[in-house]
Amino acid sequence: MGTSVTTPTPLKEGSTFEPKITAFVCNWCTYAGADLTGTSRIRYQPNVRVIRFPCTGRIDFMLILKAFAHGSDGVIVSGCHPNDCHYTTGNYLARRRWIVFRDVLEFTGIDLRRLTFAWVSAAEGAKWAELVDEVTDRVRALGPYREYQALASAGIE
Amino acid sequence: MSPEYQIGEGSLEALFAAITADGRRIWGPRAAAGCIEIGEIRSAGELARDQVHPISSAKAAAFPRVEKILSYRMDGKDVAIDDPPLPARPTVLFGLRPCEARGFCALGTILNWGTPDRFFNARMERTTVVSIACTRSDEACFCTAVGGGPDHPAGSDLLLHPLAQGGYDVVVLSDKGRALVALAPDRFEPARGAARIALAKIEAEFQAQEITEQLPRLFDHPIWSEQSLRCLGCGACAYVCPTCACFDIQDEADARRGVRLRCWDSCAFRLFTLHASGHNPRETQGQRWRQRVQHKFSYMPERLGVLGCVGCGKCSRACPVDMDFKEHLTEIAKFS
Amino acid sequence: MDELQEKAKQLLEAGTVQVVIGHAAGRGGRRPVFVRSPAQAGKLVHDDGCWQNLATYLGKPEVRKLGRAAVVASPPVLRAMVQLGAERQLGNDEVMALAVVTGGPVRTLATLAAIEGHLASLPDEPPAADRTELGRLAAMTVPERRAFWAEQLDRCVRCYACRASCPMCYCERCTMECNRPQWVPVASHALGNLEYHIVRAMHLAGRCVQCGTCGKSCPLGIPVHLLTLFAERSVQQHFGQGGKASGKPVFAMSTFRPEDSETFIR
Amino acid sequence: MSRIGVFVCHCGENIAGTVDCAVVAEAARSLRGVVHSVDYKYMCSDPGQKLLKEAIRDKNLDGVVVAACSPRMHEPTFRAAAEEAGLNAYQCEMANLREHCSWVHAKGEATTAKAIDLVRIQVEKVKRNAPLRPIRVPVARTALVLGGGIAGIQAALDIANAGNQVILVERSPSIGGHMSQLSETFPTLDCSQCILTPRMVEVARHPQITLYTYAELERLDGFIGNFKATIRKRARKVDEKICNGCGVCTQKCPVKKIPDEFNEGLSMRRAIYVPFPQAVPNRPVIDTANCTFFKSGKCRACEKLCTAKAIRFDQQDEVVTREVGAVVLATGFRTMGTNQFPEYGYGRYPDLIDGLKFERLASASGPTSGAIKRPSDGKIPETVVFIACAGSRDEQKGVSYCSKICCMYTAKHAMLYRHKVHGGKAYVFYMDVRAAGKNYDEFVRRAVEEDGVKYLRGRVSRVYPDKGQLVVKGVDTLLGGEPLEIRADMVVLATAVQAQHGSEELAQKLHVAYDKYRFFAEAHPKLRPVETNTAGIFLAGACQSPRDIPESVAQASGAAAKVCGLFSRPELAREPIVAVVDRQPPPVFSHCVGCFLCRSACPYQAIEEEAIRTRNGEIIRTVAHVNAGLCQGCGTCVATCRTKAIDLQGFTNEQVFAEVVAI
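Chains as they are written, first to last, in our numbering: chain P, 4 to 160; chain V, 31 to 366; chain B, 5 to 270; chain X, 11 to 673.
It cannot be assumed that every hint is accurate.
So the derived label-pair ranges between C-beta atoms look like this [said to hold, decoys possible]:
(1) V:GLY64 / P:ARG149: 28 to 36 Å
(2) X:ALA32 / P:THR19: 22 to 30 Å
(3) X:GLU515 / B:THR115: 52 to 60 Å
(4) X:GLY96 / P:THR19: 45 to 53 Å
(5) X:ALA32 / P:ARG149: 28 to 36 Å
(6) X:LYS51 / V:ASP278: 46 to 54 Å
(7) P:ARG149 / X:ASN70: 41 to 49 Å
(8) X:ASN70 / B:VAL146: 50 to 58 Å
(9) B:LYS47 / X:PRO597: 33 to 41 Å
(10) V:GLY53 / P:GLY146: 30 to 38 Å
To spell it out: a stretch of chain V is covered by chain X in this simulated footprint if at least three of its residues, at any positions, have a beta carbon under 8 Å from a beta carbon of chain X; those stretches are [as the list claims (entries may be wrong)]:
(11) 103-110
(12) 303-309
These aren't lab readings, by the way, just hints derived from the structure by calculation.
Note that the coordinates shown come from a computational prediction; the quantities given were computed from them, not determined experimentally.
Even glycine gets a Cβ: it sits at the ideal position worked out from N, Cα and C.
Put together the whole structure using the sequences plus the hints.
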């Protein structure tokens, strides 16, 4: 058997499973919104790692799969609400991509409970905190996404 | 070669059980969605025997389509490499056609050309090949044109001849074969010369020698682009071929660790010879097709003293656009 | 000599085209053939055994070298030509189709507009058998589908016959061949295979011409065409476009409507 | 092998309070490619920045990660510092340990672990950063203003007075627009032409303004700072330079019965005419559709009578092209016709008129010299009913928005009527009175309280003629929906303000967005109200949405300020965060297959075609090329490209991929 190229999910004392959540966010709305969460000192769980993009339109659907393959147990994709896109239409194109992508994932049998899409504006600091907590709790309940991570080693002699 | 034993239809199941009990896995033709492929089989009932050939190749037993050759970890700023243990799973390939079994000779020769291929050899040592002589053939077959035949012994450890009454005559061809018999000695009765089903008749429409002689002068001939016009440039032919041995080395890694894999590759792909500069010494499909034929019928005989083709016709059967190898070779052989 | 052969012969005699791409009898079934002289026109056949999407050959340099080509074109081939035209891979002056519908007359279509007109009257949907199969899969639970595809894709050897036979997979450098970064593992392990087929489906969403050739081309009989057909259907259902039934090409995945609706975004 | 420096900021207690910064710095030190890693109390302070600069020099770093606050806060600070130390600004990235970590998590291992991850992610990214240089685009310091109404006039004057060249293009024969048709203006009741005409003259005289009237924009190519405008000057059939504007031709032309557009058809004009006495330029134009000579080849009366010999029957349209750096759209509005109202008789009743007709009746320079007379018989109306919201806020009429100016001008009309016809009765049917604006509500109250205008809250269901009068059937919802009937001598509809004719075509010509009512769309509804989503194209006045004069003027000055800002430097420097299509040496040339799907995805029309040619000029293939002047760096094209031939500088595939994999 080959080694899966994934990193171990961080374990807290008591070694209860702590999920690793990757968030793909746009710079102008959700990243700023998450900044606001900080300036408003709203607490949320530390499991999320944010990756900043100029726009949700920039987010290649493959990156979401890469996140899973490389050890993320859950993924958040978030950007500006429709009509608020800094680039006017990037989020509309992203939305189309996501609509079909989710369909395709579900058709191939991938567990969509691990993939969450949201619109979080620069003003929605509280919403960001709620989103992260909700996703973290849900994914913690689902357990590690070994199923996908293990694919990298399945079929290697 | 006279058979030492015969085995009854009814005893196959017990033989399979004995093999499994010995901790070996059994691979053979089995029905899979939409076709007959080579795969793991747990009981004689699963063994498919009516087809001329399974679509996929048995070479995967010793030359897997993806094989880990090492893995490494980032240890702070240093790299720690772990060599994987040599592959150890003993395998019995059951029910191959003699031509495909014969393919292992060519495959072994090329993989051991220069440096011995310890991965392949380790697997081969643990692999026992049981082939069944052909009583049927189809228009893709041309084993007799390349020095083989429906009951050719090369590459097999045991060769089975179907009997009219059911069951098989068993020809032992190697110690590995003998060892297999020893797993269930009471299931192998001494051969009694029972009537065999007649072997398939495969007319040789050309002789490999003719092609080997033709090729040097045909190198720049338009025949290659002619024949390959409909070729789509996929790798189906190479991936089902018992003797195609080309592979690619791939590292799969992140910032912390990685694995190095050996994966099947094919000379039919444009990417196969594409240089980093963007230059491609085999730019056209015609050149790539020529390489395939030249390699099997000229370079291998010349450098390794062995033909790169066993005439199984698997490539023709797998090709989505019916690139018929026999037809094309015949054309080349008869070309003047 | 039937109508198809007759029309092909005329095109070649008149010098309108230098080659007619069609199907001919092969070992057992049908095979693509490149008829370059009126005398050979008799080779051409068209029946249900002719399933290769011949539009795939239009972009191949080896074929382009032969001169202007006429294609024996079933509706999916025509849809491919329209989409190829829209994606700038096929010039209007390079278009010559001998449109065949089983049982119907052979029509010579010499422009993309003519093809669009011809297609407008034809439905753009996968063959009935595939629709049934799509339905069967849709009825499964997610874990069932996961099991189904795990078993199927485990058999994929990444020979890329599906990609090579697809008229819309004309990219000189496929995503599979991008290695900085290496988006999709080259290795045919479970991850590489799954990601390859997901990318294929996504890249054909809104562009798939629903010929099913990719599935028929798979030497191992893996129904990979169901993935692209599904993606195409998803596009049609959500956005009402992607359907080339209108004969008009669309860029479903690089355009949008503000009213596109979904229910999953918070 | 990279030489990365990591600088972990405590931000006083802000970060250090919950994150163990020393541990983070230590962990960073063990990452491949990291050759220097320290933590410090305040990285943004002078000593902090000094620390960064010295390390860059002494350790010869090729990339730095500052693990501190949000990049939205201090990225510019640290990038500037890096630049000063001789490192390219774009080789500096920030890990957000404050807003995204220390401020939102409890003190503890998990938080420090997250901080380490955030640093590792940025280290992996910065390893793959490339030095970038700001993009410089030359700017043609000439502005094109489309529309010669008050908004266009204001914008043109402001831009020109700042020392720039302006080309003002007006479709009709004279500038002035709707404002020149108005009688008095609310809330001050000063005469519209009295305040407008000086501006019109100023435009005509301005050395920096080139005025093209009776002209239209044919096409616009190029991008911000570098547009090429193609303008069609329609043939007036009169040589403007020779003509002295004596006006004899316009009096002697035998064709007399052409409804006068300027007077809204309340009077007639000739086939050769000047739209109105104060027209700028004051030069006639021949209406070839009605001119006898152009219809029958006979007449030539004007030619005979013209002392200056300025008539040019053979004059052809002239097409000119000009290089411009910016465009201001000020194409204005139109009002809904009374023929859109079946319930009010499809505009078939001569005494049922719209607001603009009333303006002309009330205007001293109008057909009645300011006397309010019924169009039908010239009789002074004793009762006038004004109907507000005629079409506005009415889904059935396809106008769900408020036309904004009607409340005010209806009050003005009623007031003017009461001033001119002392015994007259004025009724106003309204839905709400919207008088938000300086002295606006006071103005409406004056109409009611001082001038005795009767305001009735309710819609008018029907208007029909009866014995030389118009019967107005409506309800007064304030009297409990009491149906009431008023016999009026004249009815005035405050018809809805709508997008100018042809605004859709124009928007498409200029690649600017427009809403479902075909008003032009601003780049951002709040923060970029005078810009469009196409860089270098700005908005002024009612072409964006219904506006009154002060708003239009204010916005025009706003747009002018934007243009002047753009023109203030000879070159336009932009962030190099733009998409690029890859180029390869032959025989590959580019991995782009030229499918141009990216073009339909680009919000900015930044994707162009580039033909790759052989030495002797034959096209090998046509591939995409990103115009760095237009690209705003959203990266949507990148995610659309199947062959990964487009990449986004600063957020390249390799960078973001490495970030994801580093998690």
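(message) Please check whether ASN70 of chain X and VAL146 of chain B have a Cβ separation lying inside 50 to 58 Å.
(response) 54 Å Cβ-Cβ, so the 50 to 58 Å window holds.
(message) I want to verify a distance hint. Is the separation of the beta carbons of GLY96 of chain X and THR19 of chain P within 45 to 53 Å?
(response) About 49 Å separates the Cβ atoms of GLY96 of chain X and THR19 of chain P, which means 45 to 53 Å holds.
(message) The hint says 41 to 49 Å between ARG149 of chain P and ASN70 of chain X; measuring C-beta to C-beta, is that right?
(response) Given about 43 Å between the Cβ atoms, the range holds.
(request) Evaluate the given range 28 to 36 Å for the C-beta pair formed by ALA32 of chain X and ARG149 of chain P. (result) holds (34 Å)
(request) Take the C-beta atom of ALA32 of chain X and the C-beta atom of THR19 of chain P, compute their distance, and say whether it sits inside 22 to 30 Å. (result) Because 27 Å falls inside the window, the suggested range holds.
(message) For the hint 28 to 36 Å, verify it against the beta carbon of GLY64 of chain V and that of ARG149 of chain P.
(response) holds (31 Å)
(message) Quick check: do three or more residues in the region 303-309 of chain V have a beta carbon closer than 8 Å to a beta carbon of chain X?
(response) holds (count 3)
(message) Assuming the hint says 52 to 60 Å, is it satisfied by the Cβ distance from GLU515 of chain X to THR115 of chain B or not?
(response) violated (28 Å)
(request) Confirm or reject the claim that GLY53 of chain V and GLY146 of chain P have a C-beta distance inside 30 to 38 Å. (result) holds (33 Å)
(request) Determine whether the Cβ-Cβ distance between LYS47 of chain B and PRO597 of chain X falls within the hinted range of 33 to 41 Å. (result) Given a distance of about 35 Å, which is inside 33 to 41 Å, the answer is holds.
(request) Confirm or reject the claim that LYS51 of chain X and ASP278 of chain V have a C-beta distance inside 46 to 54 Å. (result) holds (52 Å)
(message) Just to make sure I understand the rule, a stretch counts as covered if three or more of its residues have a C-beta closer than 8 Å to a C-beta of the chain. Does the region 103-110 of chain V meet that for chain X?
(response) Answer holds; 3 residues pass the 8 Å Cβ test.
When each numbered hint is compared with the structure, a violation occurs for hint 3 only.
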